[in-house]
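Colleague: For the sequence shown, this note's numbering assigns the number 1 to the initial residue and increments by one for each residue that follows.
There's no promise every hint is true.
As a list, the in silico BS3-like pairs of lysine-lysine whose alpha-carbon atoms are at most 30 angstroms apart [unchecked claim]: (1) Lys-31 / Lys-86; (2) Lys-31 / Lys-21; (3) Lys-36 / Lys-86; (4) Lys-179 / Lys-100; (5) Lys-86 / Lys-27; (6) Lys-36 / Lys-179; (7) Lys-165 / Lys-146.
FYI, nobody ran anything at the bench for these hints, they're computed from the structure. Just so it is clear, the structure is predicted and the values come from calculations on it, not from any experiment.
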Amino acid sequence: MAGLSDSTRHHDVVALERLEKFALEHKLLEKPVVGKLEKPRVGRRDRIPTVSETEAILTRASPEFRLNYSALRQCGARPGELCRAKIADVDLTNRVITLKEHKTARTTGLARGIPVGRRLGERLDQAIGDRTEGPVFPSPSGRVWKVGNLSRTYSRLRDLARLPKDLVLYLARHECGTKICREKGIEYARRLLGHTNISTPQRYMHLDDSELADAQDLIE
């Protein structure tokens with residue numbers, strides 16, 4: 001798991017433990033085969049990347065990574081959602097990307113709709129070009145991006161730019177959620193980011209002391 005963030009490693013271990021538990025419960029395994037695995041502690045993400053940090057990363061990136069990451073910042077999708085998105089999922093007429101397979105599909109039974117605004121639409125046009133099939137955002141090799149590869153690419157670019165280690169790929173989603181919360185409110189953020197309840201997007205409210213002080217001045 002070298003090169004993966006603590007968050008990714010944590011979730012990978014959890015997934016492996018659940019898979020083993022399933023196999024034991026359904027008699028697919030006679031006994032556990034995975035020993036006790038270390039799960040890195042996942043700290044709360046208390047900030048979003050600055051403009052200069054994002055510029056430093058993107059200036060060193062391939063065009064393919066730049067498009068994918070810029071789209072993540074724009075729409076707030078989970079990295080896996082854009083990695084999974086196919087050209088057939090894109091409906092520019094109705095301005096939506098529709099994913100049948102996504103994180104909450106089993107619990108909600110609903111497809112995940114990612115709205116397409118003007119700027120995201122421009123990035124989709126750049127990424128797709130004249131292609132009619134395949135991934136919306138292909139890797140430099142033309143294949144489907146894997147989330148792990150996308151995350152490692154981000155970390156490598158971050159390290160090349162000598163930026164803090166707390167910058168991780170998933171902060172693109174936090175950046176979008178934070179900006180939407182500030183400008184449009186938490187319900188907009190909830191629906192745009194695909195959350196089923198209002199409590200989850202509260203984590204995107206990254207407010208600093210100056211913003212809280214300004215909020216006081218709203219009272220006459």
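Colleague: Provide an ascending list of the numbers of those earlier hints which the structure does not satisfy.
Modeller: Checked against the structure, the hints that fail are numbers 1, 3, 5, 6, while the rest are satisfied.
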